[in-house]
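Trainee: Input sequences plus hints: build the corresponding full structure.
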Amino acid sequence: MNVTCSDRERIFEDGTPAEWAALETHAASCPFCAGVIRGWKSLSVAAKELREYSDSPSFWPRIERALTEQEARSAQRAERKGWFSFLPSFSPAWQTILTGALVLMLTVSGGWIYFHRPIQKIDNDKSLLRTSALKEVESAESSYERAIDKLAGEAQPQLENPATPLLANCHEKLLVLDSAIADLRVQAGLNPSNAQLRYQLLAMYQEKQRTLEEVLEAKP
Amino acid sequence: MGTMGLALPWRARISSTLCERGTRVEPSEHLAGGPSSAAMDALSEDAALAAGCRSGDLRAYERLYRKHGARMKNLARNVLGNPTDAEDAVQETFLKVQRGIASFRGQSSFLTWTYRILINTCYDARRSRQRKREVANDDSEETPRLEPRAPGAHPTLRMALERALEKLTRHQRDVFLLYEVEGFRHAEIAGMLEMTETASKNTLFQAKKNLRLMLEPPRSSAAESR
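Chains as they are written, first to last, in the numbering used here: chain A, 1 to 220; chain B, 1 to 226.
Derived by calculation from the structure, the hints in this document are not laboratory data.
You may find that some hints are simply not true.
Within a straight-line C-alpha distance of at most 27 angstroms, the following computed DSS-like cross-link-like pairs (lysine-lysine) qualify [what the hints assert, rightly or not]: (1) Lys167/B to Lys209/B; (2) Lys209/B to Lys41/A; (3) Lys81/A to Lys96/B; (4) Lys96/B to Lys132/B; (5) Lys48/A to Lys132/B; (6) Lys135/A to Lys150/A; (7) Lys167/B to Lys41/A; (8) Lys209/B to Lys48/A; (9) Lys67/B to Lys96/B; (10) Lys67/B to Lys48/A; (11) Lys132/B to Lys41/A; (12) Lys48/A to Lys201/B; (13) Lys173/A to Lys150/A; (14) Lys201/B to Lys167/B.
Sample of chain A residues with no beta-carbon within 10 angstroms of chain B, all distances over it, derived [unchecked claim]: (15) Glu9; (16) Leu50; (17) Arg62; (18) Leu67; (19) Pro92; (20) Trp94; (21) Leu98; (22) Ala140; (23) Tyr144; (24) Glu154; (25) His171.
Glycine included, C-beta positions come from ideal geometry on N, C-alpha and C.
Mentor: Structure follows, in structure tokens:
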């Protein structure tokens with residue numbers, strides 16, 4: 001194989017061993033090529049000056065420690081992930097789709113509940129009676145009052161001439177109850193929607209009813 | 001490109017050492033026939049290392065360190081310029097290998113993959129150092145500060161070469177370091193730097209041409225024209 005000076009650079013770049021041998025042969029008779037080849041090879045020799053394979057005894061223990069720490073951290077993370085172990089069975093794309101579907105479902109459900117919620121017409125403040133309820137209460141009260149007055153009429157003779165101390169006590173109690181009922185009726189007249197006053201009035205009438213029943217039972 | 005004051009009397013200084021030191025100065029990759037038994041051993045060792053590291057066996061990492069730690073550190077030092085940063089880069093490389101071994105599919109050799117991580121880590125470190133300098137408004141020094149090494153046979157030559165290497169492009173520097181200093185083959189370098197084998201050869205040729213221009217004394221115009 002014959003090579004010339006013009007082949008030199010090509011052989012430097014990608015020459016086969018045969019081409020290198022031919023170049024060396026050519027260099028034996030060409031001082032310029034011999035100098036260039038020597039300079040070229042010298043770079044490889046010089047490169048070895050940058051090779052310094054020194055071992056530092058503390059370096060591997062340092063790497064080993066870092067590896068162990070990283071492994072421990074990764075084990076901790078894996079443990080935490082274990083709580084959500086069902087998630088990795090889905091691909092990230094599916095996880096996104098499922099999350100989106102869940103959000104959509106919650107939004108639709110929330111919207112449906114909001115628009116179909118029961119309309120509460122009853123006033124939240126139960127201490128006040130509405131007009132229709134007030135009429136019902138007043139009507140029931142007057143019926144109850146009439147019935148108790150009728151009962152009082154039947155007990156009247158015994159109470160006017162009490163034969164026993166029990167009847168005398170009942171008479172006094174009824175006077176007190178009547179007085180309290182009169183006061184409550186005045187207050188209820190001023191504040192007719194106050195349910196609390198109505199409950200107290202009802203309690204007084206019930207007590208009067210029980211007392212009258214005791215009087216009638218004590219009839220000889 | 002000029003000599004930049006790095007010219008050295010090459011023939012006087014080096015020619016005597018050419019025969020003394022075992023160096024790769026001629027093509028070594030035009031091998032006839034199939035892979036040798038040594039190459040097969042290297043492949044099985046590579047696969048064993050990858051399997052050991054994948055299983056989380058720290059002894060596999062230690063084996064990787066014992067076989068390649070010094071070479072990795074030397075490469076990192078040549079890219080970064082000082083041993084402290086080089087050790088940090090090698091340690092970070094081991095950590096990245098541990099983190100990423102599950103995603104290693106064996107499309108390249110484990111060693112090639114590891115060195116690719118190392119090179120990228122070194123350049124990340126260089127960029128980070130550069131950013132820190134920019135933040136500190138210290139733009140006086142663009143190239144890494146080269147810390148002194150243990151005395152060698154040609155300390156002046158080594159310093160000149162280190163400075164000249166900094167003037168090369170990143171790829172030229174990488175290929176030169178991997179081929180000429182660390183002794184990797186072009187096929188391996190192609191895998192590490194994600195380029196073709198031909199590109200690796202061409203890049204090495206360009207790198208050496210540039211280095212020759214920077215380091216050799218100027219020739220006479222008559223000789224240059226040949």
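Trainee: Each of the hints needs a verdict: does it hold here or not?
Mentor: Structure-based check of all given hints:
no.	hint	result
1	Lys167/B to Lys209/B	13 angstroms, holds
2	Lys209/B to Lys41/A	12 angstroms, holds
3	Lys81/A to Lys96/B	21 angstroms, holds
4	Lys96/B to Lys132/B	23 angstroms, holds
5	Lys48/A to Lys132/B	32 angstroms, violated
6	Lys135/A to Lys150/A	23 angstroms, holds
7	Lys167/B to Lys41/A	20 angstroms, holds
8	Lys209/B to Lys48/A	18 angstroms, holds
9	Lys67/B to Lys96/B	18 angstroms, holds
10	Lys67/B to Lys48/A	19 angstroms, holds
11	Lys132/B to Lys41/A	39 angstroms, violated
12	Lys48/A to Lys201/B	19 angstroms, holds
13	Lys173/A to Lys150/A	18 angstroms, holds
14	Lys201/B to Lys167/B	19 angstroms, holds
15	Glu9	8 angstroms, violated
16	Leu50	5 angstroms, violated
17	Arg62	7 angstroms, violated
18	Leu67	6 angstroms, violated
19	Pro92	15 angstroms, holds
20	Trp94	20 angstroms, holds
21	Leu98	25 angstroms, holds
22	Ala140	81 angstroms, holds
23	Tyr144	85 angstroms, holds
24	Glu154	99 angstroms, holds
25	His171	99 angstroms, holds
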